[in-house]
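Visitor: In order, the protein sequences belong to chains A and B. Here the first sequence is numbered in the numbering used here, starting from 1 and rising by one per residue. Here the second sequence is numbered in the numbering used here, starting from 1 and rising by one per residue.
Keep in mind that the hints were calculated from the coordinates and are not lab data. Accuracy of the hints is not assured; some may be wrong.
Unchecked claim - Computed footprint of chain B on chain A, listed as stretches where at least three residues anywhere in the stretch have a Cβ under 8 Å from a Cβ of chain B:
1. 69–76
2. 156–164
3. 173–180
To be verified - Dumping the calculated SDA-like pairs for lysine to any residue here, alpha-carbon to alpha-carbon at most 20 Å:
4. K87(B) with R156(A)
5. K45(B) with E142(A)
6. K64(A) with L31(A)
7. K155(A) with K45(B)
8. K155(A) with E29(B)
9. K152(A) with F31(B)
10. K161(A) with F16(B)
11. K175(A) with L31(A)
12. K62(B) with R249(A)
13. K64(A) with T18(A)
14. K62(B) with K45(B)
15. K128(A) with R182(A)
16. K47(A) with N12(B)
17. K47(A) with E59(B)
18. K152(A) with I61(B)
19. K155(A) with N44(B)
20. K93(B) with E29(B)
21. K87(B) with N12(B)
22. K155(A) with T72(B)
23. K45(B) with K68(B)
24. K45(B) with M133(A)
25. K87(B) with L157(A)
26. K62(B) with T18(A)
27. K9(B) with S41(B)
28. K47(A) with K68(B)
29. K217(A) with G228(A)
30. K194(A) with P110(A)
31. K93(B) with F31(B)
32. K239(A) with K68(B)
33. K45(B) with I158(A)
34. K62(B) with P2(A)
Ideal Cβ placement from N, Cα and C applies to all residues, glycine included.
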Amino acid sequence: MPIISVNNRDVHIQELNTAASETILLVHGMLGNLSVYYFRIAPILAKHFHVVMYDLKSHGMSEKITTGYDLNSLTDDVAHLMERLSISSAYLAGYSFGGLISLKMAVRFPHRVKKLVLIDAPNPNDDKTRMMMDAYNRESLENYLNGPNKTKPGKRLIDRKHRLYEHLFHETTIKRDVMGERDFFSAAEIAQVKQETLLLYGCYSPCLEAGESLKGKISNAALVALNGDHDIPLQEPEKIGNMMESFFRNQMAQA
Amino acid sequence: MDTIVTAGKLNNEEIFNLLKQFITEVIGEEFAEEMDISMESSFNKDLEMDSIEIVAFSEKIKAHFGDKIDFTGWLSDMDIDQLIALKLGMIVKFIETCQ
C-alpha cells in the first residue's frame with residue numbers, strides 16, 4: 001500500500017495513470033475512505049487523467065491524528081499533499097464532507113484548483129451530523145448496520161467500524177472542529193469562488209437543499225440531481241465518473 | 001514487500017494459495033486462522049473484509065501480476081452488490097483466464 005509521509009504524518013494514497021499531464025484529486029467523506037472512488041469512479045477518470053486518491057487523517061489506512069479536522073487544517077493537508085506530489089494545480093472533486101474540503105480549497109487556494117466537482121456536500125449547519133456524533137455508541141452503530149435493506153455485517157466488521165468511530169468521536173477534536181464550520185455556507189468567501197463548479201446530488205438526498213443553496217452562491221455552478229440518495233457515488237458510479245470526466249475534459253479542450 | 005516476481009503460469013491451486021496469502025497479510029494472521037478460507041468465501045460476508053481492505057488486497061494482486069492482469073478494470077465493471085458478493089473462486093478463475 002502506498003503510504004507516504006506528508007508533514008511527518010503517514011498518508012495512504014492511490015494513484016492511477018501517473019503518466020497523464022493533468023491531475024484529478026479525489027477527496028472522500030467523513031467516516032469513509034478512498035474506496036468510494038477506487039473501484040468504479042477512478043478507473044473511468046484514469047482513462048485521460050492522472051488520478052490521486054488519499055485517505056483523510058484517521059480514515060482508511062492513514063495515520064490516526066487527534067487534531068485538525070476543521071476546514072483550514074484539512075485544506076492545509078491537501079495543499080501539503082499536492083506539494084509533496086509536485087502537483088501545482090488539479091481538478092478537484094469531493095464527496096460529502098470531502099466536498100466541503102474541496103470547496104474550501106477553491107476558496108483558500110484558488111490557483112491550485114482548476115475546476116470543482118462537489119458530490120452531495122452537506123450544509124455544515126445541519127444538526128443531523130452533530131446529533132449523530134453526540135449520540136454515537138456501539139449499540140447505535142449495530143442498530144444502523146442491522147437496519148432494513150442492509151446486509152448484516154459480522155463481528156469483525158462491526159469492531160473495525162466501532163474502533164474508527166470511537167477514535168474519531170472520543171479521542172479527536174472532530175466534533176468541535178466540524179461544529180466550528182457551521183457558518184461556512186453563509187461566509188462571503190463562497191461567493192468569491194470563480195472556478196467552474198459541477199454540483200452532483202442525489203435527488204432523494206437530504207443534502208439536495210445544500211446543493212441548491214450552493215448553486216445560488218457560486219457564480220459559475222451547475223446542479224445535476226441524479227437518481228439516488230446520499231450514497232449516490234455507490235448508486236450511480238458510472239454516471240458520476242462519466243459526468244466528471246466530460247466536465248473536466250471540456251476545459252482541457254478549451255485550453 | 002508487495003512485489004513478487006513470478007515466472008510462468010500458476011495453476012488454480014497455486015493462485016488460490018497466493019490469494020489466501022494476500023488475504024492473510026491484509027486481515028492479519030489472527031483473523032485469517034479463524035476463517036475457513038475457501039473458493040466459496042465471499043469478501044464481505046464470509047471473510048468480513050471492509051472496502052479499504054479489499055483495496056489493499058487489489059493492490060497486492062496488481063503488484064504481483066503487473067499489467068498481465070487488469071484486476072481493477074475487471075472489478076470496475078461490477079456494481080456494488082456484485083463486488084460485495086464476489087467469491088474467491090471467481091477471482092482465481094479470472095486470473096487463470098488472463099494468464
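Visitor: For every hint, state whether the structure bears it out.
Guide: Results for each hint:
1. Residues of the segment 69–76 of chain A with a Cβ under 8 Å from some Cβ of chain B number 0, which does not satisfy the need for three, so the listed coverage is violated.
2. Counting residues of the segment 156–164 of chain A whose beta carbon lies closer than 8 Å to any beta carbon of chain B gives 4, which reaches the threshold of three, so the coverage claim holds.
3. Counting residues of the segment 173–180 of chain A whose CB lies closer than 8 Å to any CB of chain B gives 0, which falls below the minimum of 3, so the coverage claim is violated.
4. With a C-alpha separation of about 18 Å, the suggested pairing of K87(B) with R156(A) holds against the 20 Å cut-off.
5. At most 20 Å may separate the alpha-carbon atoms for a hinted pair to count; K45(B) and E142(A) meet this at roughly 16 Å.
6. Between the alpha carbons of K64(A) and L31(A) the distance comes to roughly 13 Å, so the proposed pair stays at or under 20 Å and holds.
7. Among the hinted pairs, K155(A) with K45(B) is consistent with the structure: their alpha-carbon atoms are about 11 Å apart, no more than 20 Å.
8. This hinted pair checks out: K155(A) and E29(B) have alpha carbons roughly 17 Å apart, not beyond 20 Å.
9. Restraint check for K152(A) and F31(B): satisfied, since their Cα atoms lie roughly 19 Å apart, inside the 20 Å limit.
10. For the proposed pair K161(A) and F16(B), the alpha carbon gap of about 28 Å is over 20 Å, so the pair is violated.
11. A threshold of 20 Å between alpha carbons decides the hint, and for K175(A) with L31(A) the separation of about 12 Å falls inside it, so the pair holds.
12. About 28 Å separates the Cα atoms of K62(B) and R249(A), which puts this hinted pair outside 20 Å; it is violated.
13. Using a Cα cut-off of 20 Å, the hinted pair K64(A) and T18(A) is violated, with the two alpha carbons roughly 27 Å apart.
14. A threshold of 20 Å between alpha carbons decides the hint, and for K62(B) with K45(B) the separation of about 23 Å lies outside it, so the pair is violated.
15. Restraint check for K128(A) and R182(A): satisfied, since their Cα atoms lie roughly 12 Å apart, inside the 20 Å limit.
16. Proximity of K47(A) to N12(B) is assessed by CA-CA distance (about 31 Å); at most 20 Å being required, the pair is judged violated.
17. At most 20 Å may separate the alpha-carbon atoms for a hinted pair to count; K47(A) and E59(B) meet this at roughly 18 Å.
18. Restraint check for K152(A) and I61(B): the C-alpha separation of about 28 Å exceeds 20 Å, so the hint is violated.
19. Between K155(A) and N44(B) the alpha-carbon distance is near 12 Å, which keeps this suggested pair within the 20 Å criterion.
20. For a cut-off of 20 Å, the pair hint linking K93(B) to E29(B) is broken: about 25 Å separates their Cα positions.
21. Only pairs whose Cα atoms come within 20 Å are accepted, and K87(B) paired with N12(B) is accepted, the gap being roughly 14 Å.
22. Simply put, K155(A) and T72(B) have alpha-carbon atoms about 28 Å apart, too far for the 20 Å limit, and the pair is violated.
23. Simply put, K45(B) and K68(B) have alpha-carbon atoms about 29 Å apart, too far for the 20 Å limit, and the pair is violated.
24. For the hint pairing K45(B) with M133(A), the CA-to-CA distance comes to about 27 Å; that exceeds 20 Å, so the pair is violated.
25. Pair hint K87(B) plus L157(A) holds up; C-alpha atoms about 18 Å apart against a cutoff of 20 Å.
26. At most 20 Å may separate the alpha-carbon atoms for a hinted pair to count; K62(B) and T18(A) meet this at roughly 15 Å.
27. In summary, the hint linking K9(B) to S41(B) is not supported, as the alpha carbons are separated by about 23 Å, beyond the 20 Å threshold.
28. Only pairs whose Cα atoms come within 20 Å are accepted, and K47(A) paired with K68(B) is accepted, the gap being roughly 18 Å.
29. The straight-line distance between the Cα atoms of K217(A) and G228(A) is roughly 24 Å, outside the 20 Å bound, and the hint therefore fails.
30. Distance restraint check for K194(A) and P110(A): the Cα-Cα separation of roughly 8 Å lies within the 20 Å cut-off, and the hinted pair is therefore satisfied.
31. Pair hint K93(B) plus F31(B) does not hold up; C-alpha atoms about 25 Å apart against a cutoff of 20 Å.
32. Taken as a hint, the K239(A) and K68(B) pair is broken in the structure, with Cα atoms around 28 Å apart against an allowance of 20 Å.
33. Among the hinted pairs, K45(B) with I158(A) is consistent with the structure: their alpha-carbon atoms are about 12 Å apart, no more than 20 Å.
34. At roughly 13 Å between alpha-carbon atoms, K62(B) and P2(A) fall within 20 Å of each other, so this suggested pair holds.
Checked against the numbered hints above, the structure violates hints 1, 3, 10, 12, 13, 14, 16, 18, 20, 22, 23, 24, 27, 29, 31, 32; every other hint is satisfied.
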